[in-house]
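Novice: In order, the protein sequences belong to chains A and B. Our numbering numbers the first residue of the first sequence as 18 and each following residue consecutively. Our numbering numbers the first residue of the second sequence as 8 and each following residue consecutively.
FYI, nobody ran anything at the bench for these hints, they're computed from the structure. Wrong hints could be hidden among the right ones.
[What the hints assert, rightly or not] Lysine-lysine pairs mimicking DSBU-like chemistry, simulated, CA-CA at most 35 Å apart:
no., chain 1, residue 1, chain 2, residue 2
1, B, LYS255, A, LYS331
2, A, LYS95, A, LYS107
3, A, LYS417, B, LYS128
4, A, LYS570, B, LYS128
5, A, LYS418, B, LYS191
6, A, LYS443, B, LYS16
7, A, LYS140, A, LYS193
8, A, LYS417, B, LYS255
9, A, LYS401, B, LYS255
10, A, LYS443, A, LYS401
11, A, LYS443, B, LYS255
12, A, LYS555, B, LYS128
13, A, LYS401, B, LYS246
14, B, LYS345, B, LYS128
15, A, LYS401, B, LYS128
16, B, LYS128, A, LYS443
17, A, LYS570, A, LYS417
18, B, LYS255, A, LYS95
19, A, LYS25, A, LYS95
20, A, LYS418, B, LYS128
21, A, LYS590, A, LYS95
22, A, LYS401, B, LYS191
23, B, LYS345, A, LYS417
24, A, LYS140, A, LYS299
25, B, LYS345, A, LYS95
26, A, LYS299, A, LYS331
27, A, LYS95, A, LYS588
28, A, LYS443, B, LYS246
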Amino acid sequence: MIDENARKTAAQCRHYAMCKIDYLETGLCPSGPERHYVAFYPQGRMDLYRALAEDLIPVTEALVEAADTCTLCGICDKQCHFVTGLRPVKVMEALKSHVREHLAAKKPVHRPKEDAVLERLRKIVGDEWATNDPAILFTYADDPFPLAGIQMPRYVILPGSRDEVAAVVALADELKIPFAVRGNGGSVFGFVFTEGIVLDMNRMRKIEFDTDNWCVAVEPGVTSFELQKEASKRGYRVNAAEPAATVCGNIVCTGTFSTWSNVYGTAADGFIDMEFVDRKGKVFRLNDKSAPNVFAFDHAMIPSPGVCTKAVVKLHPVTEDEEGVLVPFADFDRAVAFARDLSQRRIALALAVLGGHYISNFMSPSRELSEKIRDILPGVLGIKYLVFAVADAYGREAIKKMAGTAVIDSALFRTLMLGLPRLADKELAGIAAAYEGDAPPYEILCSPEMRPVVEAVLQPSPETIAGSVDDDLREFYARLYARPEMTDMVWLNMFRIVSARMSRRKHMFAFLIYVPLDRIEVINGIIAGFARIAGARKIEHDFGFLTPMDFGKRAILEYDYYIDHTDPAEKKKIAEAMTEIGPWLDGLAAKTKGVTFLMYVFSQGCSRKENFLYRLG
Amino acid sequence: MSTVRTSGKRIGKKREDRSARFFLTGGTGFLGSHIAVGLLRRGYRVTLLVRPSGARRAEDRMLELVDWFGMSEGDRRGLRVVEGDITLPGLGIEPEVYRRLLLETDEIIHCASSTAFSERKRAEVEAVNSGGLTNVLDFARGSGAYFFHHVSTAFVAGMTAGACPEGLVTPGGFWNAYEETKCKGEHAAAAACGEAGLGLTIYRPSIVYGDSRTGRSLLFNAVYYPVRTALFIRDIYEKDIREGGGRKAAEMGVRIEAGGSIHLPLRIEVASEGGIDLVPIDYFTEAFLALMEGTPGGGVFHIVNGRPKRIEDIIDYSCRLFRMTGIRACGPEEFREKPRNPLEALYERYVEAYGPYMRDDRVFETARSQAILGPRGIVCPEFDYGIFARCMNYAIEAGWGSRLF
Chain A
18 MIDENARKTA AQCRHYAMCK IDYLETGLCP SGPERHYVAF YPQGRMDLYR
68 ALAEDLIPVT EALVEAADTC TLCGICDKQC HFVTGLRPVK VMEALKSHVR
118 EHLAAKKPVH RPKEDAVLER LRKIVGDEWA TNDPAILFTY ADDPFPLAGI
168 QMPRYVILPG SRDEVAAVVA LADELKIPFA VRGNGGSVFG FVFTEGIVLD
218 MNRMRKIEFD TDNWCVAVEP GVTSFELQKE ASKRGYRVNA AEPAATVCGN
268 IVCTGTFSTW SNVYGTAADG FIDMEFVDRK GKVFRLNDKS APNVFAFDHA
318 MIPSPGVCTK AVVKLHPVTE DEEGVLVPFA DFDRAVAFAR DLSQRRIALA
368 LAVLGGHYIS NFMSPSRELS EKIRDILPGV LGIKYLVFAV ADAYGREAIK
418 KMAGTAVIDS ALFRTLMLGL PRLADKELAG IAAAYEGDAP PYEILCSPEM
468 RPVVEAVLQP SPETIAGSVD DDLREFYARL YARPEMTDMV WLNMFRIVSA
518 RMSRRKHMFA FLIYVPLDRI EVINGIIAGF ARIAGARKIE HDFGFLTPMD
568 FGKRAILEYD YYIDHTDPAE KKKIAEAMTE IGPWLDGLAA KTKGVTFLMY
618 VFSQGCSRKE NFLYRLG
Chain B
8 MSTVRTSGKR IGKKREDRSA RFFLTGGTGF LGSHIAVGLL RRGYRVTLLV
58 RPSGARRAED RMLELVDWFG MSEGDRRGLR VVEGDITLPG LGIEPEVYRR
108 LLLETDEIIH CASSTAFSER KRAEVEAVNS GGLTNVLDFA RGSGAYFFHH
158 VSTAFVAGMT AGACPEGLVT PGGFWNAYEE TKCKGEHAAA AACGEAGLGL
208 TIYRPSIVYG DSRTGRSLLF NAVYYPVRTA LFIRDIYEKD IREGGGRKAA
258 EMGVRIEAGG SIHLPLRIEV ASEGGIDLVP IDYFTEAFLA LMEGTPGGGV
308 FHIVNGRPKR IEDIIDYSCR LFRMTGIRAC GPEEFREKPR NPLEALYERY
358 VEAYGPYMRD DRVFETARSQ AILGPRGIVC PEFDYGIFAR CMNYAIEAGW
408 GSRLF
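Let the sequences and hints guide you as you build the complete structure.
Specialist: Pasting the structure below:
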């Protein structure tokens, strides 16, 4: 018996793998760290339920185990709600119930036979860490990327060491079986599917610091969140990707870019050395003179240099006086000029121009609140864009002087975030909307003399912000938001735990382009192009962010489309849009220096950024 | 200047026998809707140009309004709604409908206007008050209409001191983009109507509030806004006292008095002279219709009170009605001695745009309008406590507009 509501929830899983990192200090789904396969995490169980509902797999031994090992502890509800608003526990209950009924009815449980290849794979990694169970395979066969269909692998293996990886790759080469590598078993871009062997690196999780050399060596199962946490404990910072993305996977894929790329750069800037297993199973390091030249960039889609088994990542110093600031703007061009100015003057560390859509999602713990705030920022406060910066005390002083009076400092940000539901109060919105003064309304909000009044209006507290979520989660959210880091712009930006909220309403389709920051007309042209293509097909769309790079000479721009990946009509729209976007951006890149579509950097994330930011031809 | 399209006598006749067909912009606005309803109730035929709003169609918006006015089926007979937007070429009307309207319009009443003051909103104000007017005047030129009624404002007088005549003016400066665009609009309307041979009447109300008899209103800016802001502040601190321990209220000197009144220490800067010129919507509507029907030759007319209300009185009314103490008017010198506290600074910033209208000592001449209104016994009522209470009670009941529709 399939529960339709549970199926719908299961189909909405975004595959962000946030249930695989303990980012809210709730602990993890108990079976995950023990069994490592995606099927033993909430994300995998969501996929399994969808697969059962759509009759894509039988009830198998592994599926029964996956259902049995769910303790209904409720951790996944908290974790998933925080970023997507979904409540997976209902799906877990439905999965367990379905399996219980299946077994009670004495229906068969599928047990796949071991074949010769699986036998050899198990000899390499151990019986437990190689499987051909269809339930396990299915959790590596699909993702929300709407343009890739289901592709079932024949085997999934979880190697435990570099040597095991080398042996598996050599075997695949010998038997001519294709393979794909999954850093954290997660995927959102449809690129990591194969009909052969999936290597899930989740068991390779070593982190070794070499602080004398300002670096840390990580194995391919280590996530950005975990590494940042360890680095932070020791007083350092790394340039980290999305929290659930693995460090090695992210570097190899596109190079790590973030708001910190303003000072830390991207691609080859992020590491000191990397270790790979090539496609024949031979191990090499990038710092070997005989290693392939992966520092060069080719403006084409090319395969990765091999399977990354270690990245030696740079550690960056942190000063105690770093804080975040937000500078509001009513105009995009001015916001970009301001961010560029900061980058050129080497004032800020992390730096970005954010749209109201981003900031409202980042700050709001519920979709409903974020939609209200999205309207209130421009409509009531006059804020259309925000320049976000992390800077030390000297830097912030300079930013304040450059910006004038209107700056949202860390204290005001905390007030706004903890009082956010009251900012959405109708009466406040009504009064602010009718305000007729010449100064933008945000200047009043930011004025230091207004702080006591703003505090009185917003009544900021963990309880206030917790009031915007489901009743049964309020106590948890109140405890969560009592933690200082949850309202600390520096922490939030280092760990990036709220960025997945951008997909809360619908699956996000992110387009990333390197752009010349000294040519605002090019940037505006690209934004207008994305808006036009989306608008013509009634696809939801919005500006994402822009981060200056290389002292303000270049920037990375993100523009986002939002689609319901479970809706065939929306899939069709995005497919049509893609046929226009590719040639348009290729044409633009060919005639405009400084424009490079990130798609071409895929698998070339180890290259020197200069080689794709400044393509000499 | 071209020949007039029709004689004053014929205009009067067509109005009298109700054969004149009106085309009115801004039909869902505060003034426009009242004029439209006034005309319909007098048996005129009126076509309203109405913008759709979000998912709400123009017709639905108008139906909501018609219900709000409690119009009878009979009164609605002469009503027709056309979807459009004055800021768009061809008024955003379907071309076929537009062509038909050109032939079926005798008189145009242009009420659509942006009343935003802020320099930040200049683009929006210009788009409506200048660009929109240009489109409406294009329509007028191309139509068979013979008369243009232009709803303007007494504040086209801008920074003029003293007497403000009932005629076209060119003041030395303006307080805001609204005044500036409305003043330019009068000149544009006069030029276009002169060239095309249309009769022209310009109506210049001062600040219009709700119905003096019922308190009902559709718009809650101007005199409502400072009261609303004060009540908002009062409610925040009252809540803090009753539910949050009262620390934030104590910091601001806000307290609950023994009798239950809220003490809100708020000094409001006022000038020693002048006040705010207020006319109720019922008076405005009656005056508009009387001027329209009584002046087939056109002209420029002030629809004002003439007895500016002192801010001190409005503060007194507010404190009385809403059981507040501590709010008082004072001169600028007092702020030099004791600077504004955060509450006072917030209040000042929120209402500063209304400053020129709260300290108004301009004298709007009314000889021409009074020549029509006086003999008909149309008199602007004094804005007294009774009217204030009715209007503010209605505003609260209507959620300052949020609960109207």
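Novice: Can you list which hints this structure breaks, lowest number first?
Specialist: 1, 5, 6, 25
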